[in-house]
Structures are given as C-alpha cells and as structure tokens.
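Undergrad: Just need the whole structure built from these sequences, with the hints factored in.
Protein chains: 2
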Amino acid sequence: MVNIAVLGYGVVGSGVVEVIKKNRHSIGTRAGEEIKVKKVLDIRDFTDCPDAELMTKDAEEVFKDDSISILVETIGGTKFAYDFTRRALSSGKSVVTSNKELVATHGPELLKMARDNNVSYLFEASVGGGIPIVRPLNQCLAANEIIGIAGILNGTTNYILTSMRKEGKDFGEALKDAQEKGYAEADPSSDIDGVDACRKIAILSSISYNEFVDANRIYTEGIREITLEDMQYAKEMDSKIKLLAISRRYGENIFARVTPVIVNNSGQLANVEGVFNAIIVRGNAIGDAMFYGRGAGKLPTASAVVADVIDIVKHVESNSNNVWKIMNENNIVNIDETESEFFVRLKVKNHEGAEKLVKSLIGDVEKVVLQMDFAKDEYAFKTDVITEKSFKGFIKKLNQSDVIEKVANTIRFFEE
Amino acid sequence: MVNIAVLGYGVVGSGVVEVIKKNRHSIGTRAGEEIKVKKVLDIRDFTDCPDAELMTKDAEEVFKDDSISILVETIGGTKFAYDFTRRALSSGKSVVTSNKELVATHGPELLKMARDNNVSYLFEASVGGGIPIVRPLNQCLAANEIIGIAGILNGTTNYILTSMRKEGKDFGEALKDAQEKGYAEADPSSDIDGVDACRKIAILSSISYNEFVDANRIYTEGIREITLEDMQYAKEMDSKIKLLAISRRYGENIFARVTPVIVNNSGQLANVEGVFNAIIVRGNAIGDAMFYGRGAGKLPTASAVVADVIDIVKHVESNSNNVWKIMNENNIVNIDETESEFFVRLKVKNHEGAEKLVKSLIGDVEKVVLQMDFAKDEYAFKTDVITEKSFKGFIKKLNQSDVIEKVANTIRFFEE
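Protein chains in written order, with numbering that gives the first Met the number 0: chain G, 0 to 415; chain W, 0 to 415.
Source of the hints: derived by calculation from the structure; they are not laboratory data. Values in this document were obtained by computation on a predicted structure and should not be read as measured data. Possibly wrong hints are sitting among the right ones.
It does not matter which identical chain is meant; a pair holds if it fits inside one copy or across any two.
The calculated DMTMM-like cross-link candidates involving lysine to aspartate or glutamate, where the alpha carbons are at most 25 Å apart (straight line), are [as the list claims (entries may be wrong)]: (1) Lys35 / Glu415; (2) Lys165 / Asp57; (3) Lys313 / Glu32; (4) Lys56 / Glu220; (5) Lys396 / Glu108; (6) Lys297 / Glu351; (7) Lys20 / Glu144; (8) Lys38 / Glu59; (9) Lys38 / Asp335; (10) Lys165 / Glu414; (11) Lys355 / Glu33; (12) Lys381 / Asp401; (13) Lys234 / Glu272; (14) Lys297 / Glu144; (15) Lys346 / Glu377; (16) Lys21 / Asp287; (17) Lys165 / Asp176; (18) Lys165 / Asp237; (19) Lys175 / Glu414; (20) Lys20 / Glu210; (21) Lys391 / Glu340; (22) Lys38 / Glu377; (23) Lys348 / Asp363.
TA: Below you can see the structure in the form of structure tokens.
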C-alpha cells in the first residue's frame, strides 16, 4: 500500500480524494498496489466533510510522516505551494500538482530538485484539466521533434466566446452568465486576459522543446475587446473567433503567443465549443495529433492528478523527469518579427478614401462586406501575410488619417 | 547505448529505422541514452537500400546477440511474428509491435509471457497509427473506470466514405481511387469489411476493461452496402455516415461492435475526415476525451513504435505490462440484446400501405423526406430506440409484405 497526502482541500483536492475512493479497485489494479489518502492538509474548517478523519491543519503531520511518500499539491499560487513542494522534494517525497502557476514560474528549479533527490514532480493536471497532454508530449510523442502546438487552453474564455456567438450575448453578459454557472471566477481577469492560457502554453512549450519558456516573455492578449460585430464578420468568412495559444519552434528559436484568432470552420479547433479544450501537437514524424476533452472541472482534473500518482507508484525505481534547460532569453522570438494575416475593421468617414489609403499603404486586400446596419460606415478587410512590426506601422498611419474615424478592431487569422 | 533489432523491413519497419536516424538527438535526450538499430531482419533482398549494412536474413544473428535487448516486430500476421515474439519474450528480450492481428489474437498469452520474463510487450502502434491511445488508456486515464469507447479506427474506409460524400463517387470508384493513392490494398477486404477496425476495438476494449475481448465475438459490418443515396439521407438529417467501432461496459458485461453509423454533424466524430482516425474515450471521472490524428502512414506509425522503445529504455527496471484476464465468454453481450435507433429505407409499391404497415408494426416513426428522383418510390424513416432482435423481426415482416418491394438499407444511428 502506498500512502499519499493531499495539500489543499479545494475543488481539485477534494476531487482527488473522491476519485481515489470511487475507483479504488481499478486504481489498485493499474498501480499494482492500493493507494490510500492518509492525510489532507488544509487550514480551513470543513463542517460535514466526508473526509473529516483525514483532515489536519498541521503541516508537520504530513512532512514528518515517513509512511507518506507522495504529496498531491492542489493549493495553487506560488507561496505555500512553493515552500511545501521544495520541502517535499528535498526530503525525498514525490509531488503531483495541478498548479500551473507554480510549474510555469518555478518549473526548472523544481524539476531539477526532483531529479537530484531521485523523486518525481509531475503535473499532468496543470494543462488541459483531464485531457492527457503532458504525458503524451513527454512519452507518446517522444520519437518526434515537436515543431508546434496550438490549443484552446482556457475553458472560461471558450465558454464566453461560444455563448456570445450562439446566444448573441455581448462580452459582459456572457461573462456574467459564466460566473453564475461557476465557469468563471469572481475576479475573472486571469482567464479573460489570457494569463491562464499563457502559463499553460509556457508549460507545453517547455516540455515540447525541453527548454524553459518563460511565461513572462509570451505575448498575451485576452478577449475583452471581442465584440458581437467581430463575430458577424468571422461568420461571413465561414470562421469562428477563438482564444488560441500557439507555440512554434524555428531552428534554435521559439515563439509563443496567446491571442484571439479567426479560425476557419474546416479546422478541428473551430468545432471545440463551450468549456471544452483541445490541443493540436505537430511533430516531424506524426504530423498533427489532437487531444480534446474537458479542460477543467473537479473530477476530470482530479483524474489527471491521480494518473500521475499511479505513474509514480508503478515506476517508483525510475524517476522519469526531464529537466528543463534555461536558455539564453534571446531564443524567444519577439512578436514584432513574426508574421500573420490580419482582419481589420475600420470605422470610416469616407469609404473611397479609406480604400485608397489602405491600398496605398499595404497594397491589395481582401474586402469583407457585411449587409448589416452597423457595417454601413465600416471598411473591413483581410491583409496578406505581414510582419507584426509592419502591421503596427500600418495601423498607426490609419489612426493619423482624416478619412478614418477609428480602427474598430484587428484580429489575427490562425494559420494551421 | 541500447541496441535494438527491427524484424520486417516493410513500410513501418523502414520507418522505424528512419525515425531513429532522423531524431537521434531528441530521442537520446528523452530516453536517457542513445538508441541504435543494430540489425534489420528480412528475408527479402533490398537493392539500393540505405540501411544495407544492417540487413540480415538470419534470425539467429538477432536472437543470439545478447547486446540486442529490444525487438521491433513489424512483420505482420500471426505466423512468423508469433513465433519470433514468443522466442524473444521467453529469452528476455522486450518486444514492440504494430501488429494488431497478433495482439488481438494472442495478446493475453504474450502479455503474460512478458510479465513472467520481466520484459515488456508494447503495441501503441497497433491502434490509431501515430495517435497516442494505448498508453493514454493504460496510464493517463488510469484513474478512471472506462465506460465506453467510440472510434473511427480505419483510415481506408474513412477515406472512401469521405470521397463518396465530397466527390459523389460511388463505393467502387472511391475504393479504386483509394487503391491508386495507396490508401487501400489490392485486396481491401480486411479494411472495408471492418475486420481491421474490429481487431483494433478488441485491443482498446481489452486495455480499457483489463480483460481480453475476443475479436471473433465482436459483431462486425463493413461499408460495401453504403450508397450515395444513403449519404443523401444522412445529409438531410444534418449527419454523416461513418464506420464506427464502439465498445461499452455494462457492469460485468462488455459489448462491442463495428458498423456504419449515422453521426450528427454536431458531434466531434463527424468532422473526422479522409484518412484521419479519432477515438473518444468515456471515463467515469474525465467524461469524454478524444484523440485525433493520422491513423496510418509510415512515419506516424513508426513514431508510435519508437515511443514504445523509448518507454522500455526509460523504465528498464519496472516492466509495466498489465495482463489481460480471459473471462467467461458469456460476459460479451450478444448484439441481439442491444438497442439502437435505426434509419430504414424502403423501396415501396404503395406509400400509404407502407406507412400504415410500419406504424402497425413499431408505432410512430420519424419520416425523412428527400426531394430527389430516386427517392420518389421510397419511404425512409428513423425508428425509436429498439432492440436489435425486435428490429430483425420487424425487417423480416417488412420483407414479407406486399406493399414493399424491398428494404433498400438499414443503418444504425450513433448515440453519443
């Protein structure tokens, strides 16, 4: 029998206890021996808690118990979680976590600490909730050089964008609805500003390229600026607007970004709706593979945590962590040097003048015409592939022009 | 350094040698040491072969070489492959294979032999080509009880169905096109009659339920009977026709079948087109997760083989095979006892009489009307959920009736 302790009895932590109880038999078969939750550490009081006999507020009860070999950290954040994880690893206990912030911030140090102490630090649940993605990248696709990743990594924003499009709610209403349904937090900024997706693509990139990609260096935009009008244009182009995290390897260099993009309906990612997540991985042997499922939620996420625990139990003698090298930060390509096609919506004072101006600045563009009232004073178009730097210059000139009232929005196209 | 040998220098075998050469550096990093192909066994002569110096026709050169610890079996079939695999496992060499027929036929014996000899028998590439599915089921979803699986597991038939629908080719033309493009073999029966998909769902079911599911006991239909007319009806119902392998756990019992089904366009599987495969796994904690990618092809399949090799190298001390129990065959539910909704197309002599007859036999049905010439003498409808046994009785009575010329086709609906 293997004893584990769960640190933090929130949604995921209590889910871990539940999954281990619920599937005790099959988990035992898979792991080769029984897995038992011996302690749950949380400073809060829980009344009527089904796991009352396991609860403790005293961290020493966990750390000083030599019969506990694996800790599940579902505290979140980088304060207590960081201290506890370091203490556990350095004292020879393996740690499993769903804490993306901690992995994205201190991953290289914690992975190295795990390796030095011959224990494991695993974090399947930190990306994609229940979707298996970390282990497939580490193991199943190990024979590939990973060339790129593209994913819908945040269920909250995907839910909001889906309900805007399907139900005609504007961003504010859709956010409120998501909060009422428990899909968005009271302070939703980490989700809607793309921070959560940014941490996740940082983790996936670090695994894929075996080199730490710092979340702070990833260009990130959220979905606050996306309007129903933008969605009408996307529909006209047989497309949808999605918040996508992408990452690419260019030789020695890496690029990653999180932005709303226009995805053609023929692509797999366009059909990923609501709270679902999906990740497309491109390898130099396998081509494209996609992993799809619930990106959050108590039991899906808990099942990913428990899968890591089972893995440690099965491979107790062979710690399989890779360590992420920290490379020169010049390896991270600046967004200004990358290229995209852009969708541009202008509110114009003078249609003919706007068309002429755009043509004089960047040549021919593909016009998108919408037969709707709001679009009457708009000139909307798709650019050719252009560098971000040139595009910024172009927008600056548009803003200075007399024939244009304002640039209503600009959105990148997703190029598969 | 770990030495391996490749048995069979066909598409997959030569792909394995290529992938190991191509990604030598990253494979070495992932595995922790270099992996080298020391011998390739094949009885054929290869002129101008880039791997000429590795080739041998003498199996003893492989088996008697103690420096070779892992064999890659890509021979196919159950004759030489079976003998070689047994010999390897019993002499302490691990075996990695893409041979679904062998795994589906002798899986329980070979897995037990591997465990008894403390080596591994891995077969990620036997299902879904390059798509990671075997390892995710065994490891990533290990915390779940798997309730069901549904998948497009055969790229040839999916290519044929896709080109019938998109290009209006009939079955024969689409098959010929697939053969010319190398997606179908000269003798295509194993693919188009569902045998290949049947073996694959047998393997996935055995892994999921940890109990051998015999391919011979799986009800299997192919796609020879699917016509362009059927596809028109499916389109009218906002759906597509796909060859789906499904498997469900009901308490102690298991059911599996391979049949063409009508899949609604809102479902993820409807958007899996051409040679792509996809597998939806339903677990009691994760809900639905989908795995999507190229289900065949030289490098994708080879990359799955090499991932297994890497896994063995990393975990050399802890063989992680599960053994499949062979249960009472009464555990396999007979198709007669299962339920579906059915689409039925009748060629009728008398519309009114046909409608009345159907209503008298099974009550109200949902009529599907097509405004096309061929449909003028047809009465097409969707039944409620009905057992297969009752449905067979119903069809028998229709065939005996005077008002009906013939039953043109019947196709099950896929219920997600």
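Undergrad: For each hint, tell me whether it holds in the structure or not.
TA: Verification of the supplied hints:
Proximity of Lys35 and Glu415 under a CA criterion of 25 Å is satisfied in neither setting, with 45 Å inside one chain copy and 34 Å between copies. In this homomeric assembly, Lys165 and Asp57 never come within 25 Å of each other (Cα to Cα): the closest approach is 49 Å inside a single copy and 64 Å across copies. For a Cα distance limit of 25 Å, the shortest separation of Lys313 from Glu32 qualifies both inside one copy, at 9 Å, and across copies, at 21 Å. Proximity of Lys56 to Glu220 under the C-alpha cut-off of 25 Å is found in neither arrangement, the shortest distances being 39 Å within a copy and 59 Å between copies.
For the identical chains of this complex, Lys396 and Glu108 are neighbours neither inside a copy (46 Å) nor across copies (72 Å), given an alpha-carbon limit of 25 Å. Taking the closest pair of Cα atoms, Lys297 and Glu351 never come within 25 Å of each other, the shortest separation being 55 Å inside a single copy and 54 Å across copies. Taking the closest pair of Cα atoms, Lys20 and Glu144 come within 25 Å of each other only across two copies (12 Å); inside a single copy the shortest separation is 39 Å, beyond that limit. Proximity of Lys38 to Glu59 under the C-alpha cut-off of 25 Å is restricted to the intra-copy arrangement: shortest distance 11 Å within a copy versus 55 Å between copies.
Taking identical chains as interchangeable, the C-alpha atoms of Lys38 and Asp335 are never at most 25 Å apart, the minima being 50 Å within one chain and 49 Å between chains. Taking the shortest Cα distances, Lys165 and Glu414 sit within 25 Å of each other both inside one copy (24 Å) and across copies (23 Å). Neither within a single protomer nor between protomers do Lys355 and Glu33 lie at most 25 Å apart by alpha-carbon distance, with minima of 73 Å and 60 Å respectively. For the identical chains of this complex, Lys381 and Asp401 are intra-copy neighbours only, at 21 Å inside a copy versus 62 Å across copies, given an alpha-carbon limit of 25 Å.
Taking the shortest alpha-carbon separations for Lys234 and Glu272, both the intra-copy value of 15 Å and the inter-copy value of 22 Å come in at or below 25 Å. For the homomeric pair Lys297 and Glu144, the shortest alpha-carbon distance between copies (16 Å) is at most 25 Å, but the shortest distance inside one copy (33 Å) is not. In this homomeric assembly, Lys346 and Glu377 come within 25 Å of each other (Cα to Cα) only inside a single copy, at 5 Å, whereas the closest approach across copies is 55 Å. With identical chains, the CA atoms of Lys21 and Asp287 are at most 25 Å apart between copies only, with a shortest distance of 18 Å across copies and 35 Å within one.
In this homomeric assembly, Lys165 and Asp176 come within 25 Å of each other (Cα to Cα) only inside a single copy, at 13 Å, whereas the closest approach across copies is 39 Å. For the identical chains of this complex, Lys165 and Asp237 are neighbours both inside a copy (15 Å) and across copies (18 Å), given an alpha-carbon limit of 25 Å. For the homomeric pair Lys175 and Glu414, neither the shortest alpha-carbon distance inside one copy (32 Å) nor that between copies (33 Å) is at most 25 Å. With identical chains, the CA atoms of Lys20 and Glu210 are at most 25 Å apart between copies only, with a shortest distance of 22 Å across copies and 37 Å within one.
In this assembly of identical chains, the alpha carbons of Lys391 and Glu340 lie at most 25 Å apart only when taken from the same copy (13 Å versus 56 Å across copies). For a Cα distance limit of 25 Å, the shortest separation of Lys38 from Glu377 qualifies neither inside one copy, at 62 Å, nor across copies, at 67 Å. For a Cα distance limit of 25 Å, the shortest separation of Lys348 from Asp363 inside one copy, 20 Å, qualifies, whereas the shortest one across copies, 61 Å, does not.
The structure does not agree with the numbered hints 1, 2, 4, 5, 6, 9, 11, 19, 22 stated previously, though it agrees with the rest.
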